[in-house]
Amino acid sequence: MRWILRHPTASIGALLCLLVVAAAVGAPWLAPADPTEQSIVDQLAPPGGDFPLGADNFGRDVLSRLLWGARFSLLVSFLSVSCAMLVGGTVGLVAGYVGGRTDLFAMQVMDVLLSFPSLILGLIVVALVGPSLPTLVFAIALTTVAPFARVARAPVLSLRARPYVEAGRALGFSHARIVFVHILPNMIAEVLVMATLWMADAVRTEAALSFLGLGIKPPAPSWGSMLRDGFENILDAPWLSIFPGLAILILVLGLNLLGDGMRDATDPTLGGL
Amino acid sequence: MTALLELQGLSKLFATRRGFPRSATTVVRAVDGVSFAVEPGEAFGLVGESGCGKSTTARLAMRLIEPTAGSVRFAGEDVLAARGAALLRLRRRMQIVFQDPFSSLNPRRTVGRTLAEPLQVHGLARGRTARARAAALLDEVGLDPSALDRYPHAFSGGQRQRIGIARALVLEPELLVADEPVSALDVSVQAQILTLLKALQTRRGLGFLFVSHDLAVIRWFCARVAVMYLGRIVEQGPVGEVFERPRHHYTRMLCDASPVPDPELRGALPRVTGEIPSAAAPPPGCHFHPRCPAATAICQVEYPGWDGTVERGFACHNPLPAAVLPA
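Chains as they are written, first to last, in the numbering used here: chain A, 46 to 318; chain B, 18 to 344.
None of these hints come from the bench; they were simulated from the model. One thing to keep in mind: the hints can contain errors.
[What the hints assert, rightly or not] Ranges of calculated distance between the beta carbons of each label pair, as one might list FRET restraints: (1) A:63 to B:104: 49 to 55 Å; (2) B:41 to A:66: 55 to 61 Å; (3) A:294 to B:124: 34 to 40 Å.
[To be verified] Calculated from the model, a selection of chain B residues having no Cβ within reach of chain A, i.e. all distances over 12 Å: (4) 25; (5) 28; (6) 43; (7) 45; (8) 57; (9) 150; (10) 159; (11) 176; (12) 256; (13) 276; (14) 296; (15) 318; (16) 323; (17) 328.
Here the structure is a predicted model, which means the values were calculated and not measured. We treat Cβ as the ideally placed atom computed from N, Cα and C, and that holds for glycine.
Could you build all of it, start to finish, from the sequences and the hints given here?
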């Protein structure tokens, strides 16, 4: 893990991500109030006093909602990217290794998925199944499967032609051994870098879907739905939009910087992990 | 005596479809009706320009690629029909050493694991026994056993090639296919590796299928040689005879192009003309006729038949006289 310190972008990214993770983990202790507790008298209270970041149109504490919302954003993006990586990575790995018609078919299915704008695909899925945590995870994962398949397939194509893979075949190794012991470890870094970058995308998609009212059901807090609620009062109470927006910015920026740093670190021409 | 490795009429066609909307299929005859046999403990050379199909032939013999036609027999057993446990047993008996020492070792595995892995897969040894075998092998190829716990990037090209050879020896094969094993190495290291391979041949009675474009290397290492041109064997025989008294004009050209370390002959330019044609569109008749100094009308229409025996023969309409010595 020492490589993080050698890469300033990665350290800043890691720091921002850690900040959000800390907020999500520590929400029960850090939050000054119950994120769902309404109070009519405090409607649209400006930042300060009992409400460090103000209160929303139901008089709920924005800071508390942000802290609890971090959990949801992280959970959804982490779960969806993990699912996408598992499914997409496997498709790419198998398609690249087997080649031929299997490869052609699998990649054409992925191309079809890729041809839908991710938000539209998410919208269709959520609209069909109805908003819930599993639906959201599934919808976002579905939009990210294709890029993962592509990212996993490309290195497999070059790795399977390496002499050490050929040597493995000559030595009588099984296909499973060749794929999991000799190909996978040599490409996993690239896929993990992509996973970090795509997590930033998943955070944005989750926020966008929530903004459109397709996220988790109210009153549970999520950054995207907070943004939408704030949007209605953007002129009277701009803090309702600014702080969730900043939170999304911090997480997306952190993940992007971390991913970029990891990519530099895994680039063998720059020194390796 | 049955040959260790016997190839009969081995062919490999690669077909590629290109073009849209009307696609045309291009067929590349990478290997076209190749037959030869390697005896136990013998070093058999396969020589030719790059792209002539010699490496493909080596891979076909190892069944790393499936041939289009022909047969491969290893000590009488049909390699192409073998599957499952039978194929695994055959694989144990023939191994391959690659040209590029940098991509022939998995960069994320220590040398010890690379060498012990085949033993585990074949259920021959594991744990400490496997490690001891690996150490013994490193010693045999001239490396210190301390290399076991290091990763490939810590070694030079020559050292890596030694590790590659050690890996090929782990399963105690009877045949080693060496695909340009020294072409990627410095000249001084080339000599060390060749000496090592020669020592292994004598000590272990290893048979060799030695693929190289370097005539000097083949001449030194091999007893018999087959010269390949555009997927076909054009001349075959004992190394001395083939290189001293070539019958095929292509062999003659290769010999002339190979530098001779004799200051008296300095300045004599090699008589190489033309380039190797594409294997996708070989010339009609004898593939060599556009570059051949002795080509006649028949060479342009008919591929010459095999003249001589499997032991010593050639495929040429107008062969060089049997007694002439090259300049």
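Each hint, compared with the structure:
Distance hint check for residue 63 of chain A and residue 104 of chain B: the Cβ-Cβ separation is about 52 Å, which falls inside the suggested range of 49 to 55 Å. Hint check: residue 41 of chain B to residue 66 of chain A, Cβ distance near 57 Å, so the stated range 55 to 61 Å holds. About 38 Å separates the C-beta atoms of residue 294 of chain A and residue 124 of chain B, a value consistent with the hinted range of 34 to 40 Å. With 12 Å as the threshold on Cβ separation, the claim that residue 25 of chain B sits away from chain A holds: the shortest Cβ distance comes to roughly 21 Å.
With a least CB separation of 21 Å from chain A, residue 28 of chain B remains clear of the 12 Å interface cut-off, as annotated. Non-interface status of residue 43 of chain B relative to chain A is upheld: no Cβ of that chain comes within 12 Å, the nearest being about 18 Å off. Separation of residue 45 of chain B from chain A is adequate, the least Cβ-Cβ distance of about 17 Å exceeding the 12 Å criterion. Once the 12 Å rule is applied to beta carbons, residue 57 of chain B is consistent with being away from chain A; the minimum gap is 19 Å.
With 12 Å as the threshold on Cβ separation, the claim that residue 150 of chain B sits away from chain A holds: the shortest Cβ distance comes to roughly 14 Å. At the 12 Å boundary, the C-beta of residue 159 of chain B stays outside the reach of chain A, the nearest C-beta of that chain being 20 Å off. No beta-carbon of chain A comes within 12 Å of the beta-carbon of residue 176 of chain B; the shortest separation is about 16 Å. Here residue 256 of chain B stays apart from chain A, with its beta-carbon at least about 26 Å from theirs, past the 12 Å limit.
The beta carbon of residue 276 of chain B sits about 29 Å from the closest Cβ of chain A, which is more than 12 Å, so the claim that it is off the interface holds. With a cut of 12 Å on Cβ distances, residue 296 of chain B stays outside the contact zone with chain A, its closest approach being about 19 Å. At the 12 Å boundary, the C-beta of residue 318 of chain B stays outside the reach of chain A, the nearest C-beta of that chain being 38 Å off. Under the 12 Å C-beta cut-off, the non-interface status given to residue 323 of chain B relative to chain A holds; the minimum distance is some 31 Å.
The claim that residue 328 of chain B is not at the interface with chain A holds, since no C-beta of that chain comes within 12 Å of its own (minimum 29 Å).
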